[in-house]
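These are the residues of each chain, in order.
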Amino acid sequence: MADLITTLLTIAVAVGAILTTVAYLILLERKLSAWMQDRRGPNRVGPFGVFQPLADGLKFLIKEDVIPARADKVMFLAAPCIGLLTTLLAFAVVPFGPVNDQPAYLRFIIAPHVDIGIVFIFAVTSLAVYGVILGGWASNNKYSALGSLRASAQVISYEIPLGMSVLGVALLGGTLNLENVVAAQAQGGFWQWYIWTQPLAALIFFTSALAEANRLPFDLSECEQELVGGYHTEYSAMKFALFFLGEYTHVITMSFLTVILFFGGWHFPWIATPGSAYVGAWLVKVLVLLSKVFSVIVFIMLIRWTIPRFRFDQLMNLSWKALIPLSLANMIAVMTVRQFGWNRWWLLPISIGLFCFVGIIGVSAKRAEIRHRHGASQGAGLHPLGGAGI
Amino acid sequence: MTAAADNQDVIWVEEPEIGFWEATFLPAIVEGLKTTIRHVTNYQPVTQQYPEEKPILPLHYRGVHRLNRDEQGRVKCVACMLCATACPANCIDILAAAAPPQWPDRDKYPASFVLDELRCIYCGMCEEACPVDAIELTHIYDLTGTSRNELMYDREKLLDVFDQTKDDPRDPTRTRRGRLGPAAEFGSLPTVAPATPITPGDRSAQAPAPGVIHPHKPSDWSRKPS
Amino acid sequence: MALVVEATRPISAASGNRAHPLKNHMPTAIINNQQIELKEGERLNCIQAAQRIGFEIPHYCWHPALSVVASCRMCLVEVGEKKPDGSVVMQPKLVPGCQTPVKDGTVVVADSPKVKAAQQATLEYLLLNHPLDCPTCDQAGECGLQDYSYKYGRGYSRLQEPKNIKPDKDYIGDHITLFTDRCIMCTRCVRFTREYSGTSELQVVARGSDEEIDVFPGRPCNNELAGNVVDLCPVGALCSKDFLYQQRVWWLKETSSVCPNCSTGCSIQVDQNDDCVYRLTPRTNPLSQGHFMCDQGRFGWKYIHAENRLTFPIRRKNGQIRTRDWDDIIPSLQKALTKAAARAPEKCAAIFSPWMACEEAFILASYLRSLSPKFRLALGPVRVAGEDDTYPKDFYGRPLEPVRFTIRAEKCPNRRGVSMVLEHFGSVATMGDVVAQASELEALYAVGGDPWGWLEPVQAEALSRAALTVVQDIFPSALSEQADYVLSGGSFAERDGSFVNYKGLAQEIRRAIRAPDGARPDGRILWELSGRRGLFSAAAIRREMAEAIPAFAAFAAGSLGESGVILNEHGAPQAKVVAAVEK
Amino acid sequence: MTLTAAQGTMLASVATSAVGMWLALSPRAMRLRIIGAAIASAALVVAVTALDGPRGALDDQILFWLFAGSALVSSVFMVTSREPVYAALWFALATLGACGLFMLLSAPFLAAATVIVYAGAIIVTFLFVIMLAQQTGYTFYDQRARTPAAAIVASWLLLGALLWSYQQWQNEPVNVAAGPALTADANPNPFSQPDSEATAHSMRALGRSLFGDYLYAVEIAGTLLLVAAIGAIAIAPRRAEGTI
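If you read the protein sequences in the order shown, they are chains A, B, C and D. Note that the numbering used here gives residue 203 to position 203 of the first sequence, counting from 1, and the numbers run on in steps of one. Note that the numbering used here gives residue 120 to position 120 of the second sequence, counting from 1, and the numbers run on in steps of one. Note that the numbering used here gives residue 391 to position 391 of the third sequence, counting from 1, and the numbers run on in steps of one. Note that the numbering used here gives residue 33 to position 33 of the fourth sequence, counting from 1, and the numbers run on in steps of one.
Careful, some of the hints might be misleading.
In silico DSS-like cross-links for lysine-lysine, where the CA-CA straight-line distance does not exceed 27 Å [what the hints assert, rightly or not]:
hint, chain 1, residue 1, chain 2, residue 2
1, C, K114, C, K151
2, A, K31, B, K54
3, C, K339, C, K374
4, C, K39, C, K82
5, A, K31, B, K157
6, C, K302, C, K317
Hints listed in this document are in silico derivations from the structure and should not be mistaken for laboratory results.
Just chain A, with the same shape it has in the complex (with noise of 0.2 Å):
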C-alpha cells in the first residue's frame, strides 16, 4: 500500500513538475526566439514576463472552446488527449535520477526496473501519432488531414532509425532498461558514455527524436505556410493547449533518453560517480542530470532557428536513404564487434567511417545527375538545364 501511495505521489509530483515546466520552456523559447531575432520576448507579465505561462493557462482556459460544426466530436475531443497522455505516459520508466541505493520516495522514477524500458517508450511514444491523426481526420478540415497524414507518415518513418540507433546502445550494454544503460556508463567513467562508441548512433538518434517530436526542422505536419498550423488549425483554448503540452513533454521525453543513452545519465567524471558518497550525492547527480537534459532542450531551441524546415520529400529522403541504412549498418556493425569480442572502441571508426562513406555516396550521387543532366542537355543541343532538366 505505502508503494501505491509513493508511486502515486511519484506520478502527481513528475506530471506535475513536466507540465510547469512545459510552460516555463515555452517561455525559454519564446525567450530564446527573440534573443535570436534582437526581440525582447514576453514582457509585459511580471518581471521579464515569468508569469506569461499562467497568462498563457488562464487564457487558454477562458478562452472560447470552438468545435467545429461538422466535426467528429468524440474524436475531435479523445485526440489532444491521447496526444498528451501517451507522451506522458512515456515518463513512466524515464529515470529521472539515481535510481538503485535510493529509499523509494527518492528513486526518481515512477515504474522502476521496467526491463523494457526503451521499447516501452517506443511503443507508448508511438501511440501519440494517434492523437495527430484523430484530431486532423475528426477536425473535418482538409488542411488539418493533411497535416495529420503527413505527421503519420513521418513518425511511420522515424521510428525506424530511432529503434535501432538505440538497439546499438542495447546490445553494448546487454539490456533495454534504462537504469542499466545508465548504471553500465557511470561504471566506466566518462570515457565508457555511449557517445564515444555509438556517435552516428547518437546522431541518427537525435535527428530522429526532432522528427519524432515534430520539432523544426521536421514540424511539416504544422507548418503554417502551408497547412494553416496542420492537424490543430480547428484546436482552440485548452484543446490546442493540449495538444502542445504534449508536444513539449515529447521533446522532454527525448531529451532525457539522448542524456540518458548517450551522454552518461546523472554521471558527471569526479562531480557525481557511482562512488560519491557524500551528504547530498544524489542531489547533485539529480542536478547534473537535469543540467544535461536542459543543455539538450536549449540545443533543440538553437536548432529550430538555425536549419530551415525541409520539404516533405526532403524528409522521406533523409530516414528512408540516409538514416535507416546507416542505422542498420551501425546496428550490424555492433553486432560484429560484440559477437567477435573486439574492442569496442573499434566503433568509433567504423562510426565515422560509415558516416564519410555515406556522405561520400551522396555527393558522388549528386555529382553523378547533374553530369548526366548535362550529357543530356548538350546531347539534345539544348541550353543546359533547359530541355530535359527541367
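Fit chains B, C and D to the supplied structure of chain A, relying on the hints for placement.
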C-alpha cells in the same frame, strides 16, 4: 525565343556542385548555430516598447484626417466632393448645401461631412485631390474606438482634430492662402527620423541607409552559363 | 453674315455658270480633306457638316434649335472654295462655322494651326473673367468651358489683373438661379426665351464688361419651359435650384426613359445615383419632342421618393392585414382570382390604368382572359387638365404659330398604348360600367399608378364593395385602404416597359433605380402572377405582343431603340419601324 | 464421446454468439444490430466463463476482466462498426486490450512489441488506406455484403475449435509438448529454458523460441511478407501512368 533574348531576359542559375562536407550538412548547421548563438550572446534588441516609447513618425506619415479651418474659423471645405471622388475606399460621404448668408464669399459648404475612419486606407488621395487644402492627414495614429459608429468621424469631430493638431509642429497647417507651407515639401525635407529608431551598431540596418533600395547585381549571386 | 455671303456669292455663282463635266454630279463639300455628299435641299453649316465626318468644331452659342448669332467665336474655321479646275481658294480670314453654310465645293479646314490658335485665343478671352470655382460649380463635369479648355485651351491664363466679379442673382425664376460671373454671354438662354417659349423674360443688360444676363424687374423667368435654359447654358451660370449642390454630375448614372407626366412623351434621361433620382434631363429625339422638355415633367418626379409610397404588399381578410409577404400573396391571389373567375366569370372586371406600360397591360389582360374569356377589361380614368399648352407664346401669353412645343392636357403617358391592348382583347367595358356594377362584382382588379390620384371618393367607395378587390398602385388611396389585396408597384423610373404617346410613338422606359423595399416593378408582379418562370423581361413580352397583336407588329425586334418606334395610326400591320434618328 | 455440461454451454454460447454477430452485421435496423451485438458479447462472455477463469489475486482478476472484456467488446464493435475509421480505432483498442493481457502474464516485451507493430504502425497504415480509399459514402458492395454469413460461420467454427481444444488442454494440465512457452509461468520448453544468469528472461525465452524452435516458420513468414510487400508495390498503379 532566340538565344540572344535568353541571355538578356533569363539568368540561368546552375545547381552548385556540392562537396563532401556540404553533403553532410554539418558545416551549414555549425555556421547557422554560430549565427544564432552569436545573436543570443551579443543581444541587441531593436524592438520598440510601444506604449512607453512613442515612435517618432516621419513627416509624411498619414494618420487620422482633419478638416482645416480658414482664418475665420469656418470649415475650409467647399463640399466639392473631389476627395470623395478620389477616395479609392469610398469612405467619405458629403452632403453639400448652399453656404449660409453670413458667408458672402462662399457658395457651398458641407452640411455634413462623414468620414469612415475604419473604411479608410489612409492613402492620402483625398489630401491630394482637395483643391482648397481643407482635408489633411495628421500624425495621429492611435485611433481606437468601441464601436463602428464611434469611428465614423463627422464634420465637428474632424474639425476638433484640426484644433488639436494645428499647433503640433509636425502637423502645421500646410497651406497659407493657397501657397504650400514648408511642411508640405516632403521631397526636399529631411525626415525627422525613421519610423523606428535604429540602435547604433544594429546589424540589421548597418550597411545601407534604411529605406534605400539597392540596384541588384546579378553577378553576385549567379553565374551565366558559358 | 451678310459680308460673308457677299464674299462667297460670286465664287459660287461662277462655279454654277460653268458647265459641269458630270451631269449627275452630287453636291460635295470637303471638310478637313474629307469629302461629304450633300443631299438635295439640305442646309448645313460648318459645324453640322463636320459632325458628318465625326469631327467636332467647338461651339458655345450655336444650338441646332436656336437662331445663329455667332457671338462666342469659338467655332472659327478656315473656309474656302474648290474651283471646278481643282484649285482651292481660301478666304483670308477665319469665319464662324455656325454661320457659314456648306454647299457644293465648300472647303472647310477646322484643324489647322491657325484655327487652333484662334480657339486658344478665344478660350483665353472667355476665361478672362470666368472664376475658377469649378469645385463648387454644379456644371463641373458637364461644362463646355472645362471640356474645351482641356481639348483646345492653352492651360494657363496670362491675365495679371483681378477678375471682373459680378454679384450673383439668386432669383431669376422659381427654379433658376444665376451665377453672373460664370456667364460667357453666349445668349442661348435669351434666344430660347425669345424664340422657343416666346415669353422673352431673359435679356442682356448693359454693355461691354458690364454685360449681364438679367430679367426684367418683377418679371421672373417662370414659364413652363424655363428649366431648359439651365440645360442650354454651356457653363454653370444658370443653375437649377432644384438640383443645386445635390450631387456631382460625374456620379450620376443616366438611363434613357420617357417622361410620364403627359401624353407628349418627351424622351428624357433619368439621372440617378445610389437608387436616388436627382434630376431628369431632356434627351434629343426628333421623333418625339425635339430637344427640350417642360418644367412639369422636369420637376414632376419627386413622388418617386415620397414617404407615403406603398412599400409592401398587403393581403387583408375581414379588414385585418394578414400578411405582407410577396411569396405568400402572389399564390393566394392567383387562387382567389381563379376561384372568382370560375364562380362568376361575367362578374369579374379589371381596370387598366393609362399609366401602365403596354407590356404590363398585355400580361395582365392575357392572364385575366386566360382565367375566363368573359373577364371584363376597362380603361381607367384618364386625367385631363385644361387644354393643350403650346409654345411659343407672345408677350400676353397667347399661343403663336408655328407651334414648337406642346404640353398635352392628357396627363398620362400611355392612354393610347393601353387602349390598343384592350381593343385587341375586346369586350371592353368603360370605367363607368364597372363602377356602376361594382357591388355585384365577384372580383375587381384595379391598377392605379397615377401619383396624383385617379379615383373620386365616390368611385372608390363603390369599387370597394366588390367581393374581391385587388389594387395595384404606388400610393395608398381610399380603395387600397380597404382592398383585399394591395400590390405595391413601381414608379416609371423603376420599371421596364414602353409607353405609346399621343401620336403613336412607342418608346421604351427603362429601369433606372430599384424600387423601395417591398415594392416591385409592376411588370415583375404581373409576370409572377401570370405564372411565368424566370425573370421579367420587357423585350420578351414585346416579342410576344408583336405576334399576338397586329397593331404592335413593330415590337417584333424586342428593343425599340433610343428614339422609339412609330406605330401606325390604327395599328395596322404595316406599321413603320424607325430604328434611329434620321440624320 | 460425450459432452460435459461445460462443453455444452461453451458450444451453445459460441453458436448463439455467431447468430448474435450475424444480427449485428445486418445492414438494416439499428436496433437489430444493437441487440445482435449485445447477444454476441454476452454469449462470448458465457463461453469464456465455461473455461477456467483466471487464478490469482483479486486485482489481477479485476484487471484480467477489464482487459479481456475491453478486447472482446472492442472487437465486436470493430466488426460491426459501419464507419471504417471507427473500425480501425476499435481494432487498436482491441489490440491494446490484448497487450494488457500480455502485461498481466508478465510478458511486457510482447506487449510493447504488439503495440509498436499493431497499434502503432499497422493501424496507422490502416487509417491511411481508409482515409485515402473511401472519401464519399459507401460503395454498393459495402452496403449489401454477402460475406458476413460465410465469414461468421468460418470464424466461429475456428473459435469453437480453439476453445474446445483449449478446454481439453486445460483439463489435462500436464502435457509437456503442449506448445511453446510464451510466458514465464507457462510450462517449460526444453529449448526455451531461461538462462540462470539472464535477468530479461522473458525476452530471451521469446528470442530462443522464435529463432530456435520456430526458425523456419518465422523465416518463411518473413519472406512471405517481403514477397507480399514487393508484390503490392509492383501491382500498385504508377503515378506516371496517371492512375493515381
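Need the status of pair K114(C), K151(C): alpha-carbon distance at most 27 Å? With a Cα-Cα distance of about 16 Å, the restraint between K114(C) and K151(C) holds, given a limit of 27 Å.
Does K374(C) sit within 27 Å of K339(C), going by the straight-line distance between their CA atoms? 14 Å, holds
Against the 27 Å threshold, does the CA-CA distance of K31(A) and K157(B) hold or violate the hint? 43 Å, violated
Between the alpha carbons of K39(C) and K82(C), is the straight-line distance 27 Å or under? Between K39(C) and K82(C) the Cα gap is close to 18 Å, so the pair holds against 27 Å.
When you check the alpha-carbon spacing of K302(C) and K317(C), does it fall within 27 Å? 33 Å, violated
Is K31(A) close enough to K54(B), meaning Cα to Cα at most 27 Å? 23 Å, holds
In summary, the structure is inconsistent with hints 5, 6 from the numbered list given earlier, while agreeing with the others.
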